[in-house]
Amino acid sequence: MSEMNPNQGSPARQQAAQTVESLQRRRFIGAAGAAAGLAIAPGVMLIEVAHGRPEEQAASSAVRWGMLVDATKCGTGCNDCVTACSTENGWTPVAESAHPKQAPQWIRKLELQDPLTQMETNLPMMCQHCAEPPCVDVCPTGASFKRADGIVLVNRHTCIGCRYCMMACPYKARSLVHEQLNDTQKPDVPRGIGCVESCTFCVQKVDRGDGTTACVEACTASGHNALVFGDMNDPESEISRKLREIPTKQVRADLNLNLGVRYHGI
Amino acid sequence: MASITFREVEGSSLKYWLLFGGLGLFVLFGALSWNYMHHYGHVVTGMDNQIVWGLPHVFAVFLIVAASGALNVASIASVFNKPMYKPLAPLSAILAIALMLGGLLVLVLDLGRSDRLIVAMTHFNFKSMFTWNVFLYSGFFALVGIYLWTMLDRTVKSYSKAAGTAAFIWRLLLTTGTGSLFGFLIARELYGTAMLAPMFIIMSFAYGLAVYLMVLAAAYSWTGRALGDTVMQRLRYLLVIFVAAVLYFVVTYHMTNLYFTKLHAVEAFILRDGGIFTTLFWFGQILAGCVIPLVILLTGLGRQRSWIMIACALVILGGILQMYVTIIGAQAYPLDLFPGLNEKSSFFDGVVHSYMPSVPELFLGLGGVAVALLVTTFAVKVLRLLPESLDDATVAKLEH
Amino acid sequence: MASLMQRASRAAFLAAAIVWAGLLPAQGGAPKPVIEKAVKGQQCVEDTEYMRKNHMKVLNHHRDKTVIEGIRTKKHSLKECINCHASEKTGSVAKSKDDFCVSCHTYAAVKIDCFECHSTKPQGPMTMHPLNADTAHYKHKLAAGAKKPVSVDDMAKVAQ
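Protein chains in written order, with my numbering: chain A, 1 to 266; chain B, 1 to 400; chain C, 1 to 160.
These are computed hints drawn from the structure, not numbers from a lab.
Note that the structure is a prediction, hence the values are computed from the model and not measured.
Hints may be right or wrong, so weigh each one.
A few chain C residues that face chain A, going by a derived Cβ cut-off under 10 Å, partial list only [stated by the list, open to error]:
#, residue
1, Ile68
2, Lys74
3, Asp113
4, Lys121
A virtual CB, placed ideally from N, CA and C, is assigned to each residue, including glycine.
Please put together the full structure from these sequences, using the hints given.
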């Protein structure tokens, strides 16, 4: 693998594995990491290293979390990913909101139609976790930021609610919390009035070592299997293998933002 | 060169206190509106996740742009050495500070977390145009304040030109920054162009001068001081040049966009199909804000002071509507995630967004205007900003 | 920088509140804070005295580590504070006026901003949990675990 990806392949991985090992926090992971350093390591074990990051270890730029959306498998009328996101992250589904235009939507199903050919496509749209995020560029306080592992987040401790990031986002991925949440938040997902929010790639799950997101789990459970989540820097991960095999596109690729979400079938 | 006597307005008449109280009432309404919006959140406004910047931003950006423009009269005096403008300069400087204060208040009180202003003052991201504006606004207060000091205090009078020049350069940078708030956005078709920076500068010239002229005429009329036609006619032709230049920039901007096929749809939205935005653009921004004032100012009507006032009021109205079209119109047009395809979703993709400003938003904006005027009203009472007389004879002496 | 200023202003507020309370003992002053004993666990992750004075520093430090770097160690996390200190009655640390966080903060007149965004309730059931492998290292602190109600003098010490 290292021959194919000299910049992002095994050496970095090996180093990460060694760090893990030296910390001697989790024997299994240490062993898996050492094994991963050897050639032709089983993908599962590699993923274990990335996912099973010890809790005292910071998110690493050796990892880049990403998502593959296969629009050809995405079910028309299926809303399972949206429901799962709302349940996991504690935002009220728009249908239940008293103020639908002001209700936050972290993920939404987008229905597309070519006016000429009548070809229809549908897909989930959410924060694209750009490598060059415009929301991070414009944020006056630095509250909007990209974590080392590529996840774009809002630090609600420094967000002043200016909404400049919402003006800057080409994907309409961000929402302002317009009203009091009255302690309805999930303990793992703080969110609050006057701050901007968006998809976090279920960062609480990622940090827990789940290695997946609520929407992906729901999509798999529904049998559509349209979503794959994983480390795009790891050549052996499922997402990397699929991205090598099938043609994918980035939405508004003309903006050259290097997105963390890639679409097939658009 | 004859010297000019500056004197405070007496400010003890019933009329003065009525004005003061009336403006104070609007400041109070503004404060109550903020309290209401802050308590319940933006849910009580017309803003939503589609139109994220609403009427408060229209007022705030207008006031900030007008603020830097209001300083122009002073700049003409000290930077370009026109003696006739010298007695007009102190009012110009105080108006610039007052308008800036009003605009900034509206801007920060509309924040989702306006209680966290201290965060905006202590955490900076220097890639953000907003951050740069924080410094540009603070610097503006400082430089114009110093400039005003050099005009009012004889002991530092020799620094007046240097201070005036610094303030002039700073105000050009400031309006470049304000225009670039929009110019540095890639997401929306109507933004993301360097045109916005110079266009905002020329707009600031026009709006600022219109505000200045109205405040000047009102101050002299209400205090019974003499204001000769020489001053008014000179400023009248200056306004003509600025308004014509605004029109030129607006036409160039839209003509450029119309040449690019990818921008045809959004231009069609603003110029033809945008409903309220199209109406506001043609009848508000273009007709009321540019064409009618030009007709008034360039014909015999412009010799009458009341018609000059009408022209100024129209320029201001047109300016506010221009901000409405620029800020809200650009957001009303949906983001084009998949060019060439029709889009539909629960998040209002692919549909034109509607916006109905709420009462608190309007009063928050008007509160900013009231703050600006209240500061000015108070300043002319406590500082020697206005010449005792600006009649033609006094002004004529200056030029010889 | 902001957190420094916040800290300074909080300390100033707290000090002012204490002085105020100290000056008015005859009138009874504000009702004294009710410090509910933690439901779960026997000993805080740091000394009680240290936490009374410095919990905000500890939390601010940890929040930046968590949000920005993704370090989610339990020891200084707000979530764990809530897990232990949520009231048995309300299941929350900030729902009613006697709940752990609110009680003291009301007394000291320091606004808490945490719960605009954070849930005030723990995840999972409200039962006492014994020390486990993760928390065994707190054992040595149990000896100093004798609790007494907070007096105005105690609060004054905290402010200093």
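Practice task
Check each numbered hint against the structure and report the violated ones by number, ascending.
Solution key: Violated hints: none; all satisfied.
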